[in-house]
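4 protein chains.
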Amino acid sequence: MNYTTQEIKVRYYETDQMGIVHHSNYLKFFEFARIEWLEKLNIPYHEIEKNKIILPVVKCELKFLKPLVFGDTFKVKVHCTKKPTSSIEFSYEIFNNSGEKTTEGKTLLAFLNSDSMKPIRCPEIISKLF
Amino acid sequence: MNYTTQEIKVRYYETDQMGIVHHSNYLKFFEFARIEWLEKLNIPYHEIEKNKIILPVVKCELKFLKPLVFGDTFKVKVHCTKKPTSSIEFSYEIFNNSGEKTTEGKTLLAFLNSDSMKPIRCPEIISKLF
Amino acid sequence: MNYTTQEIKVRYYETDQMGIVHHSNYLKFFEFARIEWLEKLNIPYHEIEKNKIILPVVKCELKFLKPLVFGDTFKVKVHCTKKPTSSIEFSYEIFNNSGEKTTEGKTLLAFLNSDSMKPIRCPEIISKLF
Amino acid sequence: MNYTTQEIKVRYYETDQMGIVHHSNYLKFFEFARIEWLEKLNIPYHEIEKNKIILPVVKCELKFLKPLVFGDTFKVKVHCTKKPTSSIEFSYEIFNNSGEKTTEGKTLLAFLNSDSMKPIRCPEIISKLF
Chain A
1 MNYTTQEIKV RYYETDQMGI VHHSNYLKFF EFARIEWLEK LNIPYHEIEK NKIILPVVKC
61 ELKFLKPLVF GDTFKVKVHC TKKPTSSIEF SYEIFNNSGE KTTEGKTLLA FLNSDSMKPI
121 RCPEIISKLF
Chain B
1 MNYTTQEIKV RYYETDQMGI VHHSNYLKFF EFARIEWLEK LNIPYHEIEK NKIILPVVKC
61 ELKFLKPLVF GDTFKVKVHC TKKPTSSIEF SYEIFNNSGE KTTEGKTLLA FLNSDSMKPI
121 RCPEIISKLF
Chain C
1 MNYTTQEIKV RYYETDQMGI VHHSNYLKFF EFARIEWLEK LNIPYHEIEK NKIILPVVKC
61 ELKFLKPLVF GDTFKVKVHC TKKPTSSIEF SYEIFNNSGE KTTEGKTLLA FLNSDSMKPI
121 RCPEIISKLF
Chain D
1 MNYTTQEIKV RYYETDQMGI VHHSNYLKFF EFARIEWLEK LNIPYHEIEK NKIILPVVKC
61 ELKFLKPLVF GDTFKVKVHC TKKPTSSIEF SYEIFNNSGE KTTEGKTLLA FLNSDSMKPI
121 RCPEIISKLF
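Residue numbers (the working numbering), protein chains in the order written: chain A, 1 to 130; chain B, 1 to 130; chain C, 1 to 130; chain D, 1 to 130.
FYI, nobody ran anything at the bench for these hints, they're computed from the structure.
Sample of chain A residues lacking proximity to chain C, with all beta carbon distances greater than 12 Å (derived):
#, residue
1, Tyr-3
2, Asn-42
3, Ile-53
4, Val-58
5, His-79
6, Thr-81
7, Thr-85
8, Phe-95
9, Lys-128
Result set (DSBU-like, lysine-lysine): computed pairs, CA atoms no more than 35 Å apart in a straight line:
#, chain 1, residue 1, chain 2, residue 2
10, C, Lys-9, A, Lys-128
11, B, Lys-52, B, Lys-9
12, D, Lys-63, A, Lys-101
13, D, Lys-101, D, Lys-83
Positions of the beta carbon are idealized from the N, C-alpha and C atoms, including for glycine.
This is chain A alone, in the form it adopts within the complex:
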């Protein structure tokens, strides 16, 4: 189970004065990659939230192999690493337009009820997909 995003352009404001994409942005790239994937699987994330379910990130790790710079385009390959329970883990690889892997990462997200902020089990509509 995995999904690769379309080509995405580095946006100018994502750079910092080192002349590379600021490292905090990669968590944002991971975020839109997993959201785009859910959407392709017919589970738009804003529908999940309407059902009082939120998915905060509870753990993450990143490894930077090569910087992305302004002018680059990149793809995010996202993978669901195990059967979701009360949390769901994704791993990510980012490739630049030369096909080089620039970044690796993982995020663990918890399923919470947005009113109580208490953990819940992964909704079946999601768990059956992975």
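Please arrange chains B, C and D on chain A, whose structure you already have, making use of the hints.
Coordinates of chains B, C and D only, in the frame set by chain A:
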């Protein structure tokens, strides 16, 4: 009626590859200046929101006289330009640590009910302050 | 002379706790719209910078007619308002996926030499296009 | 060897529509904590960069124990985990105003020459401090 923030440091991630603070950040500087002011006036913004009132920005303008760079500190001077009605207007001036004015701006914010998203009048607790 | 971007998705991290896109992001949307336009005109912005030319924003204004929310897609229509001199002015309109205009704005950018930070005239390669 | 920042306020724009601080911001909090520490140790980060040394993040991990929300203040405790070589590792803990630990993390930064982008050894002025 005006308020000047404490010295604030430019944060590294606020820079872009031009080596200056990215222009979008100044709207964030204006935001925390007006929020800090309200707090000093004993109106914490999170209390306003608890009362189902939100204050989205509906109009703004900015003029950049001199860039802020990493290593700079700055102060924001914020001023309430007229009696609030169903909206409130603030003007801003930013000064760097050499006392030079770097930025000028204005924001107009609307008072809305957060459930209905409809305009409301400025709550008296706020209007009596300005 | 104008250009309309492709459909762009609101990214989750662009929202704030009001549940709408934070107003500072619209300056970022304007930025990638004008950069995408220059690219289509065969002037990639990173090539401009390689030629020691930078284009900081010196003035801008925004008017918010309707919020963008997560789940929306939008297009930015960008327009060059007059013949560039030592500065270039763009105006912008954002339309959501229902075709409603959500935002209007303008930015004035200065042409500077990136070594001296002094104003320069608009390079002919750009001025001849507008 | 460790350092604790002053009380920092959550800024409104750091929230997302879940009503909590967006997870990408914690890497920014870590960043200004380590930069503030270096400054207290008399090594302003912008001086490091003037000497053609940059310190990109090459690896990081984060664990979110409790969300920070708007209205919170927090402190970052930063710790240098081992003698710097061609890289330097920091660990972080964030505590909210109730003294609860909200976040843990680690970042590994490489010392690079900013012209060649090649690894270099930690400058003595820094290594002798840790």
